[in-house]
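**Q** Chain residues, written in single-letter form:
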Amino acid sequence: MALLSLDNLAMYYALESEWVKAVDGISLSLDRGETVGIVGESGCGKTSLILSILRLLPENARFVGGRIVFDGMDLLKLPEQQMRRLRWRRISMIFQNAMNALNPVFRVGDQVAEALMAHEELSKREAETKVSSLFELVGLPGSRMNNYPHEFSGGMKQRAIIAMSLVCNPDLIIADEPTTALDVVVQDQVLRQIKEMQQERDFAMIVVSHDMSVIAETCEKVAVMYSGRVIEQGNSVSLFHDPRHPYTMGLLSSFPTLRGEKKRLSSIEGSPPDLSSLPEGCLFQPRCPYAKTICEKRPAMMDLGGQHFSECHFADDPQLRKTKLWGR
Amino acid sequence: MAASKLVSFLRTYKQNDMAVLGLVILGFSCALAVLAPVISPYDPFEQTNKLFSPPNLEHPFGTDNLGRDVLSRVVWGTRVSLLFGFGVAGISLALGIVLGAIPGYFGGLVDDLFSRFFEIYLMIPTLVLIILIISIFGTNLFFIMIIVGVTLWPSNARITRAQVLALKSRAFVQASVGSGASHLRVIFTHILPNGIYPVIVNSTLQMGNAILTEASLSFLGLGDVNQVSWGQILYVAQFHVKTAWWMAVFSGFAIMMLVLCFNLVGDGINFVMNPRLRRRTGDAGS
Amino acid sequence: MGEYVIRRILEMIPVVLIVIVFNFTIVHLAPGDPAVILAGERATAEYVEATRKRYGLDRPIHEQLILYLMSLMRGDFGDSLAYHRPVLELIVEKIPATLLLVLTSQLVSMVLGTLIGALSAKKYGSRTDRLISFTSVILYSMPVFWFGLILILVFGITLRWFPIWGITSPEMQLSGWGQVVDILWHLFLPVVTLSAAYLTPIFVRLSRSSVMEVMKEDFIMAARAKGLTENVVFFKHALRNALLPTVTQAGLLLGFVLSGALMTETVFGWPGLGRFMYESIFRRDYPTLMGLFIITSVCVAVASLITDIVYALLDPRVVYK
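So the protein sequences, as listed, match chains A, B and C.
Just so you know, the first sequence maps onto residues 69 to 396 in the numbering used here.
Just so you know, the second sequence maps onto residues 32 to 317 in the numbering used here.
Just so you know, the third sequence maps onto residues 409 to 729 in the numbering used here.
It should be emphasised that the hints constitute simulated quantities derived from the structure, not laboratory data.
Please note that the accuracy of each hint is not assured.
Sample of chain A residues facing chain C (criterion: CB under 10 angstroms; computed from the structure) [said to hold, decoys possible]:
no., residue
1, 119
2, 145
3, 146
4, 148
5, 152
6, 159
7, 174
8, 189
9, 219
10, 236
11, 260
12, 344
13, 345
14, 373
15, 376
In silico negatives: residues of chain B with every beta carbon more than 12 angstroms from chain C [as the list claims (entries may be wrong)]:
no., residue
16, 48
17, 53
18, 84
19, 110
20, 153
21, 201
22, 210
23, 213
24, 216
25, 244
26, 262
27, 290
28, 294
29, 297
30, 304
Being a predicted model, the structure only gives us computed values, none of them experimental.
No residue lacks a Cβ here, since even glycine has one placed at the ideal position from N, Cα and C.
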């Protein structure tokens with residue numbers, strides 16, 4: 069049985085006179101120990117999706133359909149008290165902006181210990197010892213526990229966040245843009261750290277990023293999000309080598325590779341649709357260089373075999389795969 | 032162009048009930064002030080021999096220590112309060128805009144001086160200063176108005192300076208500078224019209240403050256005794272609290288209402304200008 | 409930190425100097441003979457001449473200024489025309505009463521205001537929130553002394569629950585704890601006045617907007633993600649951060665608080681600096697008024713320094729080199 073499965077999940081934000089359809093029918097599943105990546109432009113709903121899983125949404129968020137099943141439990145039906153016990157202990161997070169995820173007026177070590185003591189019966193002393201060894205594990209000197217967040221560098225803060233996410237030994241860690249705020253060299257170290265920890269502790273992971281290379285390095289499965297929907301998903305090898313959706317192709321060609329042929333970078337022109345007024349037809353049609361008249365109708369999710377799905381009328385069209393849609 | 036801006040401003044303004052209430056009270060007060068000679072049942076200076084009568088049908092607010100009708104005095108007092116409020120705010124606004132735009136625009140030494148000046152200003156208890164000046168030089172209403180206005184301009188200047196600083200690097204301002212417009216022109220036609228709103232809000236609030244200051248000064252015996260002002264009524268009232276509560280109660284209530292409406296209107300303008308304040312629930316994430 | 413304190417004290421000196429020079433200037437700019445101004449309108453001719461000699465008012469201007477400065481440094485602020493005693497001595501005598509009133513009111517206002525504002529923020533948009541905001545703005549719009557008069561009318565005169573004048577009831581001849589209780593009994597209405605009609609609304613408003621800002625921060629969401637209860641998130645994580653602007657604002661309000669204290673002491677006959685100022689205005693006691701101006705400026709400056717120190721202790725990000 070999958071550890072986590074999203075079943076046609078729909079979550080909208082209620083604004084003054086309209087709905088913002090941030091998550092509009094998403095289905096995804098994750099096994100124990102597996103790593104799934106969610107990739108997409110900013111504004112596509114990735115953050116809303118992961119906040120939905122932990123039920124950390126703002127007041128105007130409404131679940132309008134679907135289910136979230138974690139280890140056999142329907143999370144949407146769970147009373148808040150139980151949800152709270154689940155948070156961090158079974159599902160934790162690595163935050164996008166470590167700088168802001170730490171409260172500036174408390175010491176870093178105390179904040180990590182706080183997460184531990186909220187879920188386990190420990191004395192302060194015991195908690196501190198655990199936190200200290202965890203710090204060492206992620207490459208931070210244990211003595212740094214007593215520092216304040218502003219005394220840490222960016223990379224150190226990120227490591228502290230990682231340590232914090234591990235402190236209760238969760239089954240699932242959701243990493244939201246874990247390396248975006250870091251410079252390239254540190255990015256690599258941090259990613260490697262995460263992978264190491266995962267091998268040691270065997271947790272499942274959801275990695276959310278707009279950076280394809282991060283996803284490629286860490287994930288076995290990938291889901292490409294656009295405008296509140298997953299428009300393509302599959303295992304990362306096949307998705308990267310054989311993308312079946314113009315948007316995925318566009319994303320892939322807009323990131324440089326150090327190796328491989330030199331090619332011109334392209335960008336996807338235009339901008340994503342307004343989540344409060346989505347088009348009737350294919351969401352990507354306005355920006356798609358391959359769009360035809362049939363695209364005025366919403367495409368269905370096409371099963372391409374081998375757990376590879378795509379929501380494009382031409383997903384299995386060999387013509388699409390041969391055309392060079394992006395780049396000049 | 033300006034008319035349509037005003038219309039859309041008012042439409043948003045209407046959404047806030049408190050702000051509308053404030054505007055209504057303000058309108059009512061202005062009407063009272065203008066119509067005072069017509070509405071007021073008695074002459075505010077007319078002394079009768081009915082000293083200290085409690086509120087009754089003839090004198091709904093009672094009479095004071097010289098037999099004057101308190102209701103009439105309160106109605107006429109609206110004029111002084113409004114005059115004082117607008118006058119002080121006007122002086123503070125004019126001085127504040129000019130003396131704030133200059134440091135903001137030119138920067139450098141002038142700006143450093145301004146910052147230093149402002150720090151010092153913050154440390155000086157302005158009411159004590161005003162008291163000292165007025166007790167030495169006299170209690171004429173216009174003089175008081177000028178002095179109070181002069182003690183209030185730094186806060187407007189600070190806001191103006193911040194606005195000018197923020198706006199002067201914007202593209203449309205740079206364009207104007209680049210096209211050879213004089214500094215004065217750039218400041219007055221481009222920067223100020225766009226940055227004026229926080230200052231307007233502040234000025235509105237200062238009107239309320241000014242009225243409270245006039246009341247306080249009068250209460251302390253430093254008001255203009257020749258004027259029929261609410262503060263003056265309160266000044267006399269304090270010596271007769273036990274015997275004539277109506278002298279103090281109605282005049283103070285009037286002050287509260289007028290200051291309240293300036294505060295509500297100021298908040299109302301802020302409400303329109305600050306879209307963030309209008310969202311009742313959280314923003315949508317991404 | 410020690411260096412910072414010294415630096416700040418040095419920065420206060422220009423302020424005090426400006427106030428002193430201002431005092432000096434105003435006496436000379438005023439209509440009339442400075443000696444008469446300083447001796448009082450009711451002074452005899454001999455007293456006026458004695459005053460002229462004492463302050464060196466027949467000397468050249470620049471000498472006078474230096475004389476003035478030097479006498480201030482000696483602690484000679486002149487003599488009160490009403491009491492015929494040194495101004496500084498009188499001021500020092502009356503400071504404790506004012507401190508008692510101001511510190512109590514400030515403390516009450518900060519605590520109450522912050523909590524009410526936080527509650528308001530928590531229930532953003534609800535009826536409670538709007539009621540609190542409305543009450544707050546009404547209280548803030550009232551003249552503080554008028555509110556005091558109303559309290560006197562209702563609770564002092566009509567209901568007779570509280571005394572309406574002074575700091576003690578000398579006719580009761582109390583001592584020890586009895587006296588303490590008596591003082592507190594007298595303190596009650598003035599504190600309610602200064603607090604409700606002047607200070608609390610400011611803190612309510614500030615706390616409310618501050619808490620609302622903090623609640624939007626990422627670390628609040630992180631705290632929730634850790635599985636902490638809403639109460640812990642609010643009281644531990646949010647409030648601690650929201651307090652910082654409150655402390656800063658408290659510092660900026662000091663000149664303002666003094667004005668409020670002036671009016672309150674006048675209404676209640678509270679024997680502090682405020683009441684002293686009122687009497688001096690009444691009697692046109694210029695030496696006292698000028699002395700008060702200097703001392704109150706110094707008080708505001710000192711209090712602002714203390715506020716900055718407290719802030720540094722609360723916010724670990726602040727490093728005063």
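**Q** Evaluate each hint against the coordinates.
**A** Here is what the structure says about each hint:
1. A cut of 10 angstroms between beta carbons decides the hint on residue 119 of chain A: the least distance to chain C is about 8 angstroms, and the hint holds.
2. Below 10 angstroms, beta-carbon pairs count as interface contacts, and residue 145 of chain A has none with chain C, the closest being about 18 angstroms; its hint is therefore violated.
3. About 13 angstroms separates the beta-carbon of residue 146 of chain A from the nearest beta-carbon of chain C, more than 10 angstroms, and the hint is not met.
4. Nearest Cβ of chain C to the Cβ of residue 148 of chain A: about 9 angstroms, under the 10 angstroms cut. The hint holds.
5. Checking residue 152 of chain A against chain C by beta carbon gives a least distance of about 5 angstroms; that is within 10 angstroms, so the hint holds.
6. For residue 159 of chain A, the suggested interface contact is upheld, since its CB lies about 9 angstroms from the closest CB of chain C, less than 10 angstroms.
7. Hint status for residue 174 of chain A: holds, given a least beta-carbon distance of 8 angstroms to chain C, under 10 angstroms.
8. Below 10 angstroms, beta-carbon pairs count as interface contacts, and residue 189 of chain A has none with chain C, the closest being about 14 angstroms; its hint is therefore violated.
9. The interface hint given for residue 219 of chain A is met, as the beta carbon of that residue sits about 9 angstroms from the closest beta carbon of chain C, less than 10 angstroms.
10. Residue-level restraint check for residue 236 of chain A holds (minimum Cβ-Cβ distance to chain C is 9 angstroms; threshold 10 angstroms).
11. Annotation: residue 260 of chain A was flagged as interfacial toward chain C, and the flag is violated, the nearest CB pair being 24 angstroms apart, outside 10 angstroms.
12. Because the smallest distance between the Cβ of residue 344 of chain A and any Cβ of chain C comes to about 21 angstroms, over 10 angstroms, the interface hint for this residue is violated.
13. Because the smallest distance between the Cβ of residue 345 of chain A and any Cβ of chain C comes to about 26 angstroms, over 10 angstroms, the interface hint for this residue is violated.
14. Violation of the interface hint for residue 373 of chain A is found here, the shortest Cβ-Cβ separation to chain C being roughly 37 angstroms, above the 10 angstroms cut-off.
15. Among the interface hints, the one on residue 376 of chain A is violated; its C-beta lies about 32 angstroms from the nearest C-beta in chain C, farther than the 10 angstroms criterion.
16. Listed as a non-interface residue, residue 48 of chain B fails to keep its Cβ farther than 12 angstroms from every Cβ of chain C; the least gap is roughly 9 angstroms.
17. Non-interface call for residue 53 of chain B relative to chain C: violated, since the shortest CB-CB distance, roughly 9 angstroms, does not exceed 12 angstroms.
18. With a minimum CB-CB distance of about 18 angstroms to chain C, residue 84 of chain B clears the 12 angstroms threshold, and the non-interface call stands.
19. Remark: the non-interface label on residue 110 of chain B is consistent with the geometry, its nearest Cβ contact in chain C lying 18 angstroms away (cut-off 12 angstroms).
20. For residue 153 of chain B, the shortest C-beta to C-beta distance to chain C comes to about 7 angstroms, within the 12 angstroms cut-off, and the non-interface label is violated.
21. At the 12 angstroms boundary, the C-beta of residue 201 of chain B stays outside the reach of chain C, the nearest C-beta of that chain being 25 angstroms off.
22. Here residue 210 of chain B stays apart from chain C, with its beta-carbon at least about 40 angstroms from theirs, past the 12 angstroms limit.
23. Listed as a non-interface residue, residue 213 of chain B keeps its Cβ farther than 12 angstroms from every Cβ of chain C; the least gap is roughly 35 angstroms.
24. The beta carbon of residue 216 of chain B is kept farther than 12 angstroms from every beta carbon of chain C, the shortest such distance being approximately 36 angstroms.
25. Not every C-beta of chain C lies more than 12 angstroms from that of residue 244 of chain B, the closest at about 9 angstroms, which undercuts listing it as non-interface.
26. Residue-level check failed: residue 262 of chain B sits 8 angstroms from the nearest beta carbon of chain C, not beyond 12 angstroms.
27. Consistency note on residue 290 of chain B: stated as away from chain C, yet its beta-carbon is not over 12 angstroms from all of that chain's, at 4 angstroms minimum.
28. Against the 12 angstroms criterion, residue 294 of chain B falls within the reach of chain C, whose nearest CB is about 5 angstroms from its own CB.
29. Not every beta carbon of chain C lies more than 12 angstroms from that of residue 297 of chain B, the smallest distance being close to 10 angstroms; the non-interface claim is violated.
30. At the 12 angstroms boundary, the C-beta of residue 304 of chain B stays outside the reach of chain C, the nearest C-beta of that chain being 15 angstroms off.
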